[in-house]
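Colleague: Respectively, the protein sequence lines represent chains A, B, C and D.
All the letters of the first sequence, read from the start, carry residue numbers 146 to 312 under this note's numbering.
All the letters of the second sequence, read from the start, carry residue numbers 489 to 830 under this note's numbering.
All the letters of the third sequence, read from the start, carry residue numbers 27 to 191 under this note's numbering.
All the letters of the fourth sequence, read from the start, carry residue numbers 28 to 391 under this note's numbering.
Worth double-checking, as some hints may not be accurate.
What follows is a list of derived Cβ distance ranges for each label pair [claimed, not checked]:
| no. | chain 1 | residue 1 | chain 2 | residue 2 | range |
| --- | --- | --- | --- | --- | --- |
| 1 | D | Ala-233 | B | Phe-566 | 39 to 49 Å |
| 2 | B | Met-728 | D | Ala-233 | 48 to 58 Å |
| 3 | B | Pro-773 | D | Glu-169 | 55 to 65 Å |
| 4 | D | Ala-213 | B | Arg-536 | 27 to 37 Å |
Mimicking DSSO-like on lysine-lysine, the simulated pairs with C-alpha atoms at most 27 Å apart in a straight line are [to be verified]:
| no. | chain 1 | residue 1 | chain 2 | residue 2 |
| --- | --- | --- | --- | --- |
| 5 | D | Lys-257 | C | Lys-79 |
| 6 | D | Lys-346 | C | Lys-104 |
| 7 | C | Lys-180 | D | Lys-318 |
| 8 | D | Lys-346 | C | Lys-59 |
| 9 | B | Lys-810 | D | Lys-346 |
| 10 | C | Lys-104 | C | Lys-59 |
| 11 | C | Lys-68 | C | Lys-180 |
| 12 | D | Lys-368 | D | Lys-222 |
| 13 | D | Lys-368 | B | Lys-634 |
| 14 | D | Lys-312 | C | Lys-59 |
Please keep in mind that the hints were generated in silico from the structure rather than gathered at the bench.
The structure displayed is predicted, hence computed values, not measured ones.
Ideal Cβ placement from N, Cα and C applies to all residues, glycine included.
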Amino acid sequence: MTEASGKQPFLLTRADAFITWAQKNSLWPFGSGLACCAIEMIATAAARFDIARFGMELFRASPRQADLFIVAGTVTNKMAPVIRRLWDQMPDPKWALAMGNCAIGGGPFPTYSVLQGVDKIIPVDVYVAGCPPTPQGLIHGLMILQEKIGRSHPTKELLDPDARRSR
Amino acid sequence: MTPFVADVLIPVGKIVAVILYPMIMVVVMIWLERRVVALMQGRLGPNRVGFQGVLQPVADAVKLFFKEDIMQRQADAFLFNISPVLVMFSSLLAFCFVPLGEPIRIGTYTLTLWIAESPVGLLIILGLSSISVFGVIFGGWASNSKYPLMGALRSVVQVLSYEIPTGLTVLTVAFVARSMDLVEIVRRQEASGTWYGFLMPVSFIVFWISAIAETNRAPFDLPEAESELVAGYHTEYSGMKFAFFYMAEYAHMVLVSSLVVILFFGGWLPPFPSVKALAFLHAVPGFVWYLVKIMFFLYLYVWIRATLPRYRFDSLIRLVWKWLIPLALANFLVVALVRFLR
Amino acid sequence: MPDAAADRPELRPALDALAARFPGEVLSVDVDKGDLTVRLGKAGLIPVLRALKEEAGFNALEDVIVLDNLRTAGEGGKRFTVLYQLCRFPGADRVRLAVDVGEDEGLDSAVPVYRSADWAEREAFDMFGVRFEGHPGLRRIYMPEDFEGHPLRKDFPLEGRDGGV
Amino acid sequence: MAFKEIDLNMGPQHPSTHGVLRLKLAVDNEVVLSVEPVIGYLHRGMEKLWESLTYTQVVPLTDRLDYLASLSNNLGYVLTVEKLAGIEVPRRARYIRVVLAELQRLASHLAWLGFQANDIGAMSVLLYGFEARETVLDIFEEYCGARLTIHGIRIGGVPHDLDAALAARIRKVLDGIPKRLADIRALLDDNRIWKQRTVGIGRIAAGDAIAYGLTGPGLRACGLAWDMRKDIPYSSYDEFDFDVPLGRNGDVYDRYLVRLEEICQSIRIVRQALDGLPEGETSAKVPRVLKVAPAEVFHTIEAPKGVLGFYIKSNGTDKPERVKMKSPSFINLQSLEHMCKGNLFSDVVGILGSLDIVLGEIDK
Chain A
146 MTEASGKQPF LLTRADAFIT WAQKNSLWPF GSGLACCAIE MIATAAARFD
196 IARFGMELFR ASPRQADLFI VAGTVTNKMA PVIRRLWDQM PDPKWALAMG
246 NCAIGGGPFP TYSVLQGVDK IIPVDVYVAG CPPTPQGLIH GLMILQEKIG
296 RSHPTKELLD PDARRSR
Chain B
489 MTPFVADVLI PVGKIVAVIL YPMIMVVVMI WLERRVVALM QGRLGPNRVG
539 FQGVLQPVAD AVKLFFKEDI MQRQADAFLF NISPVLVMFS SLLAFCFVPL
589 GEPIRIGTYT LTLWIAESPV GLLIILGLSS ISVFGVIFGG WASNSKYPLM
639 GALRSVVQVL SYEIPTGLTV LTVAFVARSM DLVEIVRRQE ASGTWYGFLM
689 PVSFIVFWIS AIAETNRAPF DLPEAESELV AGYHTEYSGM KFAFFYMAEY
739 AHMVLVSSLV VILFFGGWLP PFPSVKALAF LHAVPGFVWY LVKIMFFLYL
789 YVWIRATLPR YRFDSLIRLV WKWLIPLALA NFLVVALVRF LR
Chain C
27 MPDAAADRPE LRPALDALAA RFPGEVLSVD VDKGDLTVRL GKAGLIPVLR
77 ALKEEAGFNA LEDVIVLDNL RTAGEGGKRF TVLYQLCRFP GADRVRLAVD
127 VGEDEGLDSA VPVYRSADWA EREAFDMFGV RFEGHPGLRR IYMPEDFEGH
177 PLRKDFPLEG RDGGV
Chain D
28 MAFKEIDLNM GPQHPSTHGV LRLKLAVDNE VVLSVEPVIG YLHRGMEKLW
78 ESLTYTQVVP LTDRLDYLAS LSNNLGYVLT VEKLAGIEVP RRARYIRVVL
128 AELQRLASHL AWLGFQANDI GAMSVLLYGF EARETVLDIF EEYCGARLTI
178 HGIRIGGVPH DLDAALAARI RKVLDGIPKR LADIRALLDD NRIWKQRTVG
228 IGRIAAGDAI AYGLTGPGLR ACGLAWDMRK DIPYSSYDEF DFDVPLGRNG
278 DVYDRYLVRL EEICQSIRIV RQALDGLPEG ETSAKVPRVL KVAPAEVFHT
328 IEAPKGVLGF YIKSNGTDKP ERVKMKSPSF INLQSLEHMC KGNLFSDVVG
378 ILGSLDIVLG EIDK
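Whenever a hint applies, use it, and build me the whole structure from the sequences.
Modeller: In structure tokens:
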């Protein structure tokens with residue numbers, strides 16, 4: 146809690162620190178891979194780059210139990226409503242990571258059937274560039290996401306719900 | 489030892505201990521499973537959260553606590569909410585009957601290391617562990633979507649058909665020990681000098697296989713098969729309700745391993761009780777042996793999960809009806825004959 | 027390294043016999059860059075396919091390819107050319123049948139002869155709008171059902187018409 | 028009371044559909060009545076895009092088709108362009124291409140082995156398979172800097188040379204693979220549960236296989252020796268001796284054995300190619316702006332998933348008039364319905380895994 150959060154009472158900052166510590170150290174990614182980036186995502190979870198070290202081991206297959214949606218691959222117009230519904234099914238403190246140029250902005254496919262960027266349909270927290278990004282790149286993106294979670298104030302959002310809108 | 493302390497403080501202390509004991513075992517089990525499976529798969533497993541990842545289960549629990557709790561509109565509200573409670577309740581209640589060691593004498597008061605000792609303790613534990621099936625069925629059925637329904641259906645058939653071999657093998661132990669009281673069984677094993685696991689190896693093996701199937705683990709984890717049924721019966725659960733299912737599964741595993749240890753490997757008895765040379769082993773308190781044996785069986789659970797592929801549904805049922813039940817019956821016959829002739 | 031393996035001399039008599047049997051249908055047989063192409067009229071497609079499969083042993087239909095010669099076709103020329111890439115196993119000889127089709131004309135489906143033509147024809151319909159009569163379930167395979175237009179036609183813009191979602 | 032038939036939806040997002048494939052299943056209490064694959068969720072309009080790019084710009088896009096075997100896609104496309112433009116590739120470049128293509132087959136089969144085992148429940152094998160594949164990816168990364176979408180084969184030859192140090196490292200990796208494979212085979216080959224889940228499941232007869240256009244390991248598991256490397260040799264494959272592994276009754280277990288045997292054959296080929304690496308140029312002289320006279324050509328190679336074909340028609344400019352890709356997974360997926368009829372629901376997962384499909388290649 147480096148920056149001056151004077152307006153936050155001491156007790157809440159301690160609660161924030163504790164909750165965000167737990168949230169950031171047990172990010173369960175949602176096992177949904179779309180295209181080439183999915184293979185690199187699995188390679189990141191496999192033996193050599195093992196993100197289980199940071200507590201992200203359980204690739205939950207059901208959106209209900211996942212809190213990190215890694216959009217790994219090209220989002221086509223036919224797949225966009227499905228991605229949007231999966232995002233809505235995820236319980237609330239959830240984060241999205243756009244992995245690869247296709248998810249960030251259509252990548253090498255300026256064509257009729259590709260959605261030019263997943264942030265047109267879901268709010269994205271971290272963008273990891275690359276086609277596909279190397280596992281080290283993805284882990285770097287996850288580290289940035291963990292820092293971002295560390296800075297958030299879950300208690301403020303619990304107390305007044307409209308703060309969540311402005312996250 | 490004022491009556492107040494004896495009648496109020498100690499029972500309350502014991503109840504808190506019995507609630508905490510499975511919880512601590514569950515936390516240890518979650519960490520143990522994720523690390524051991526990871527090391528078996530050639531990777532590291534959680535080692536950044538706390539020392540060597542020990543705080544990982546704590547982080548998971550706190551995170552799940554603050555997750556939003558989603559319930560489908562069409563889901564059957566009452567059943568949807570009651571099923572995690574049912575699953576957790578039955579596992580925890582069964583721990584009251586699990587003896588942890590010989591009673592300890594403090595001054596004039598003997599502290600018994602269990603909450604309730606009943607002549608039919610074994611039966612009560614089996615009954616309670618089959619209540620958790622209701623939780624799984626209601627959970628899968630109430631979430632009103634196809635995959636959980638299939639997970640629930642599979643779980644019903646699997647657990648019910650595996651209770652028969654469990655019951656039969658437990659019967660052989662009760663038959664030989666001439667009592668259903670767990671403490672009595674351990675004392676009988678101490679008296680006879682041999683553990684029932686070595687006396688009746690077939691009973692132990694059949695009991696162990698059906699125990700794995702009953703807790704939906706390893707090769708029999710069809711009700712929650714990720715690769716087929718997305719996440720099985722707890723697909724629709726999120727937040728603390730899912731945490732209940734997740735922890736209840738581990739609590740059920742700890743319960744079943746402690747049952748195996750008591751019935752077949754002489755609960756808190758030091759190994760080789762009859763060998764005089766190893767008498768110094770008696771110095772170590774019974775509870776430690778008990779924990780060591782449980783840890784071994786929990787490790788066995790994880791080991792099996794990391795190696796074996798998953799059974800298909802019909803081969804699972806064929807295994808129990810064609811192999812395990814006849815084997816259990818034959819074994820019961822043999823044990824009865826041997827005891828009758830002796 | 028253009029391998030001329032596909033131009034087996036012994037294949038030539040079989041195809042000449044074919045041309046003799048279907049006088050009106052087989053328009054031309056030529057070899058270019060090692061590939062054998064047989065141009066056919068519309069009506070002769072299924073009989074030739076059946077003959078090639080039963081008698082000449084071309085048991086695998088590898089691909090159905092559609093060309094949109096909007097710009098290259100002369101005034102009277104047909105808009106689409108549908109190519110059937112056949113292959114014979116064992117021996118791995120290759121023949122390509124070419125049929126010209128107008129924009130709104132249909133074509134007989136090859137599914138009764140080659141089971142693997144099912145999806146290839148659905149893709150051709152989805153991408154070009156070439157109709158195949160007698161196809162068990164001719165509907166779009168890639169694009170969503172409510173998509174209008176056929177993307178691979180030359181006059182369809184690359185970025186799509188409505189600019190996506 | 029007759030059990031109402033559930034129409035289950037293994038939706039575009041499912042842990043074991045290897046990507047965005049949707050299967051509409053009609054299930055009668057675990058027994059599968061009908062399976063209808065729905066594709067198109069990853070259709071990126073590749074063929075339309077290729078018509079607006081020059082011949083050399085298309086090569087990196089072919090990496091993204093079958094992203095588990097990008098070098099094979101490159102090789103397929105590049106050989107077709109060379110056949111079209113009549114470019115003669117020097118012998119050393121052809122040998123290096125064989126080394127890269129066979130290493131890519133190795134990596135693709137190891138990834139398949141991991142996914143297949145994970146679908147049937149043996150999740151540790153996924154990790155072992157991926158670890159073995161990582162050693163092969165190190166070679167690609169060292170050769171040209173990319174792990175997955177490698178773009179390591181260009182029109183006219185290969186971008187970099189294969190020096191002795193890299194050849195030695197390749198040999199070291201090849202020595203490590205058989206041992207890892209032996210561990211996995213010891214875990215799975217005679218495992219009762221594994222055999223129960225794979226022997227006799229998803230069986231297809233040789234006649235039906237050809238009718239459905241099945242190619243690659245799926246067809247060879249039915250006992251038909253159809254391998255493009257032997258029947259229409261390309262890129263000097265005829266100078267290596269290797270045999271084509273065959274199965275007998277075309278079920279999931281035979282496909283498993285055929286692919287494992289193919290890994291060993293690939294190692295043999297790479298070793299022969301490294302030993303007999305001839306001296307010479309690594310690329311032919313190709314003009315920067317490649318204009319190709321109007322013609323049309325169809326050429327196929329033996330990709331890890333099956334026969335991968337490219338049809339290219341040129342119109343004299345530097346951009347192709349039409350490029351059509353014959354995708355092996357697209358054709359193989361058609362026979363899923365035939366293989367799944369009558370099996371149980373959990374077998375559909377095993378059969379789909381044994382077909383080794385990749386959605387990037389199916390949806391183009």
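Colleague: Each of the hints needs a verdict: does it hold here or not?
Modeller: Each hint, compared with the structure:
no.: 1; hint: D:Ala-233 <-> B:Phe-566: 39 to 49 Å; in the structure: violated (57 Å)
no.: 2; hint: B:Met-728 <-> D:Ala-233: 48 to 58 Å; in the structure: holds (56 Å)
no.: 3; hint: B:Pro-773 <-> D:Glu-169: 55 to 65 Å; in the structure: holds (58 Å)
no.: 4; hint: D:Ala-213 <-> B:Arg-536: 27 to 37 Å; in the structure: holds (33 Å)
no.: 5; hint: D:Lys-257 <-> C:Lys-79; in the structure: holds (23 Å)
no.: 6; hint: D:Lys-346 <-> C:Lys-104; in the structure: holds (23 Å)
no.: 7; hint: C:Lys-180 <-> D:Lys-318; in the structure: holds (21 Å)
no.: 8; hint: D:Lys-346 <-> C:Lys-59; in the structure: holds (19 Å)
no.: 9; hint: B:Lys-810 <-> D:Lys-346; in the structure: violated (67 Å)
no.: 10; hint: C:Lys-104 <-> C:Lys-59; in the structure: holds (25 Å)
no.: 11; hint: C:Lys-68 <-> C:Lys-180; in the structure: holds (23 Å)
no.: 12; hint: D:Lys-368 <-> D:Lys-222; in the structure: holds (20 Å)
no.: 13; hint: D:Lys-368 <-> B:Lys-634; in the structure: holds (20 Å)
no.: 14; hint: D:Lys-312 <-> C:Lys-59; in the structure: holds (20 Å)
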